[in-house]
Amino acid sequence: MLIKGTETMDSLVIAGRKFNSRLMVGTGKFSSNQAMQSAMEASGCEIVTVALRRVDINNPGDSMLQYIDRERYLLLPNTSGARDAEEAVRLARLACAAGCEPWIKLEITPDPYYLLPDPIETLKAAIILIKEGFNVLPYMPADPVLARHLEEAGCVTVMPLGAPIGTNRGMRTRDLINIIIEQANVPVVVDAGLGAPSHVAEAMEIGADAVLVNTALADTPNPALMGEAFKKGVEAGRMAYLAGLGPQRVKAQASSPLTGFLREE
Amino acid sequence: MNMRVNGEDYQAETGLTIGQLLHRLGLQAERVVLEINTNIINAADSTDTELHDGDNLEIIQFVGGG
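Going down the list, the protein sequences come from chains E and D. Numbering of the first sequence is given in the working numbering, commencing with residue 723 and proceeding in unit increments. Numbering of the second sequence is given in the working numbering, commencing with residue -18 and proceeding in unit increments.
Derived by calculation from the structure, the hints in this document are not laboratory data. Any given hint could turn out to be false.
Here are the simulated lysine to any residue pairs, SDA-like style, with alpha carbons at most 20 Å apart [said to hold, decoys possible]:
1. 954(E) with 732(E)
2. 953(E) with 794(E)
3. 853(E) with 44(D)
4. 954(E) with 978(E)
5. 954(E) with 919(E)
6. 751(E) with 44(D)
A short, non-exhaustive set of chain E residues, derived as facing chain D with CB atoms under 10 Å [unchecked claim]:
7. 752
8. 775
9. 776
10. 778
11. 797
12. 813
13. 821
14. 888
Think of the CB as a built atom: it goes at the ideal place given N, C-alpha and C, for glycine as much as any other residue.
My request is simple: use the sequences and hints to build the entire structure.
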């Protein structure tokens, strides 16, 4: 049986919109726009995040937007760089004015060393942006109480971190994410720190609805191959979750029959 | 007239429009968004808008990000 609750194996619904992929991809830090494009393509993702920055007016360069097929991918701008709610709201409004749909990955990280999200400013900004009609996907500490507040405020997902951004350290917050998954009524997207297909598989196995990955795909000599590996990791984890994992035991439980041995008992 | 563009001093002739400025900087209006004196402006819809002495512009674009 592939159906559990109202979800099917192949569709993720966020704010009433259906997606076939449960892997979201960040577009930062790739060695080239072509490398980014190949990782996106191989990953099968349908949602890609982007950031907003000042143009270098002395060296404007190529716009990376021309490498993203807007028919195929939902552009999800983030508010990275924001240190408080006011800066995040400003970035969200700019993204909307730039022609994006009103979807925003809310990200407020005042701490430059661990880039940990500020829970108070995140909730404050979420309330303002939701009132303005945005679909808000907040990057957040893996805190079940905060997840509930963000959900009650009207966020369309919650996005707890597995480990700090770019660390590739995996599901360090697993026990707390478990509680968030148990309690959430909106999709739970594990964001940040997932550095290997086994990490995303683990997130999906415990019931996360989706994951967001960037550094792991950018920081490899072969982004396309890694994109495919992560796609399979997400799919494997999701399938295992839907199938239902067997219970863990302390003592061995034989897989072969315990009768008919070729010896006298 | 004197303006500020992305934190730098920028001199231009009176009557310069948004479209002309972006062209001069080698930027496509569809690919950027502007803030003029903290008001957000859709660049592509405002190419004929004239800039003024003392204007403070931010020209912003999408870049890779997670």
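Status of each hint after checking the structure:
1. 954(E) with 732(E): holds, 13 Å
2. 953(E) with 794(E): With Cα atoms ~17 Å apart, residue 953(E) and residue 794(E) stay inside 20 Å; holds.
3. 853(E) with 44(D): violated, 27 Å
4. 954(E) with 978(E): violated, 30 Å
5. 954(E) with 919(E): Given that 20 Å is the threshold and the Cα spacing comes to 8 Å, the pair holds.
6. 751(E) with 44(D): holds, 10 Å
7. 752: This hint holds: residue 752(E) lies near chain D, its Cβ roughly 6 Å from the closest one there, short of 10 Å.
8. 775: holds, 5 Å
9. 776: For residue 776(E), the interface hint holds, since the closest Cβ of chain D sits about 5 Å away, which is under 10 Å.
10. 778: Constraint on residue 778(E) satisfied, holds at 8 Å.
11. 797: holds, 8 Å
12. 813: Because about 9 Å separates residue 813(E) from the closest Cβ in chain D, which is inside the 10 Å limit, the hint holds.
13. 821: holds, 7 Å
14. 888: holds, 8 Å
Hint check: violations occur at hints 3 and 4; the rest are consistent with the structure.
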